[in-house]
Amino acid sequence: MLLWMMGPAQRDAILIYDSMKGLGTKDSALIGIICTRTPSQIYEIKQAYQAMYQQALESQVSGDTSGDYRKLLLALLRGSRSETFSVDSNLALADAHDLYRAGEARLGTNEDIIIHILTTRSPAQLNLALQYYRQTYGHEFMKAVKSETSGHFEAAILAVVQCTCNPAKFFAQELHDAMKGYGTKDADLMRVITTRAEIDMYYIKQEFQAMFKKTLQEAIQSNTSGDYRHFLLSLVGDA
Numbered sequence: 185m186l187l188w189m190m191g192p193a194q195r196d197a198i199l200i201y202d203s204m205k206g207l208g209t210k211d212s213a214l215i216g217i218i219c220t221r222t223p224s225q226i227y228e229i230k231q232a233y234q235a236m237y238q239q240a241l242e243s244q245v246s247g248d249t250s251g252d253y254r255k256l257l258l259a260l261l262r263g264s265r266s267e268t269f270s271v272d273s274n275l276a277l278a279d280a281h282d283l284y285r286a287g288e289a290r291l292g293t294n295e296d297i298i299i300h301i302l303t304t305r306s307p308a309q310l311n312l313a314l315q316y317y318r319q320t321y322g323h324e325f326m327k328a329v330k331s332e333t334s335g336h337f338e339a340a341i342l343a344v345v346q347c348t349c350n351p352a353k354f355f356a357q358e359l360h361d362a363m364k365g366y367g368t369k370d371a372d373l374m375r376v377i378t379t380r381a382e383i384d385m386y387y388i389k390q391e392f393q394a395m396f397k398k399t400l401q402e403a404i405q406s407n408t409s410g411d412y413r414h415f416l417l418s419l420v421g422d423a
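In this note's numbering, the protein residues as written are 185 to 423.
Hints in this document: simulated from the structure, not taken from any laboratory. Incorrect hints may appear among the rest.
[Claimed, not checked] Computed list of lysine-lysine pairs in DSBU-like fashion (alpha-carbon distance at most 30 Å, straight line): (1) K230 / K397; (2) K369 / K210; (3) K230 / K210; (4) K353 / K205; (5) K230 / K205; (6) K327 / K397; (7) K255 / K205; (8) K205 / K397; (9) K327 / K389; (10) K353 / K330; (11) K255 / K353.
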């Protein structure tokens, strides 16, 4: 609950630090934050992390991850993505072709090309490229990602793509995953609700109900109790 009393950047910095503390890494938090924040938000998180823990966030992430997954996270932490709303149709079409050639059109995957496009294009530009991909090749890029990649790298790519297309739907799915099955993933549940409550919770609730045929409030009621339940419901707000 103390997280709610902090600013967004400090809150994210603490969540990232906690995800890498001790034995093993809680990758759901790393992916759920680094892959979903804007470049300006990433900059503020890095500043907060350095001030709070006297170390660079990039160094910590580099030491706790590996392979293409690490490459993608570090590229996102560089904050090279544009935040403009203007788009270049020719570039988007070229990117759609490059994404196809880097994945489905070859034996093996050219991860570097995929990482470059996902971590340098603005959300508007990337969204247009993904539309062209669907129009040209007859299916979503996410289908190719699921067949060509795996593990944390796959999850991170999907997070970037889903947040580009529909961030509220991505976070609704995260909330559902945190509460499905036996036991509740309280860290993930708390992370999503505390970090999105003042941003897009209204839209997340709409997506949640459309996807899972029950309200987010009903799901929280069924999976939590006591003061913890009351706190989460107060952040989620009325139906």
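The hints, checked one at a time:
no.: 1; hint: K230 / K397; result: 38 Å, violated
no.: 2; hint: K369 / K210; result: 11 Å, holds
no.: 3; hint: K230 / K210; result: 19 Å, holds
no.: 4; hint: K353 / K205; result: 29 Å, holds
no.: 5; hint: K230 / K205; result: 17 Å, holds
no.: 6; hint: K327 / K397; result: 24 Å, holds
no.: 7; hint: K255 / K205; result: 20 Å, holds
no.: 8; hint: K205 / K397; result: 36 Å, violated
no.: 9; hint: K327 / K389; result: 26 Å, holds
no.: 10; hint: K353 / K330; result: 18 Å, holds
no.: 11; hint: K255 / K353; result: 26 Å, holds
The structure does not agree with the numbered hints 1, 8 stated previously, though it agrees with the rest.
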